[in-house]
Amino acid sequence: MSLEDAPQEIKLAVDLIYLLESNDIDPAMALRALAIVEQDLRRKLPDPPAGDPT
Numbered sequence: 634m635s636l637e638d639a640p641q642e643i644k645l646a647v648d649l650i651y652l653l654e655s656n657d658i659d660p661a662m663a664l665r666a667l668a669i670v671e672q673d674l675r676r677k678l679p680d681p682p683a684g685d686p687t
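First residue of the sequence shown? That's 634 in the working numbering, and the numbers climb one at a time after it.
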């Protein structure tokens, strides 16, 4: 499978990895920053229906 045919989340992940590596970002710092990004994005998701285990 080529990157052109890959799912959007794979393309985004590749772009983010390239951005971090090309800017010589420390991997530990990148993970801490990504945890903050994840928290922010999760707050923006709609609430799951009651009883949904996710």
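Just so you know, these hints were derived from the structure itself, not from any lab.
Certain hints may be false.
[As the list claims (entries may be wrong)] The calculated label-pair distances, taken between Cβ atoms and stated as ranges, are:
(1) Ala639 to Gly684: 17 to 25 Å
(2) Leu678 to Lys644: 19 to 27 Å
(3) Leu645 to Asp680: 34 to 42 Å
(4) Pro679 to Glu642: 15 to 23 Å
(5) Met634 to Gly684: 30 to 38 Å
(6) Ala639 to Ala683: 19 to 27 Å
It should be emphasised that the depicted structure is a prediction, and the values quoted were computed from it without experimental measurement.
Glycine included, each C-beta is placed from N, C-alpha and C at the ideal position.
Query - Indices of hints not satisfied (ascending) - result: 1, 3, 6
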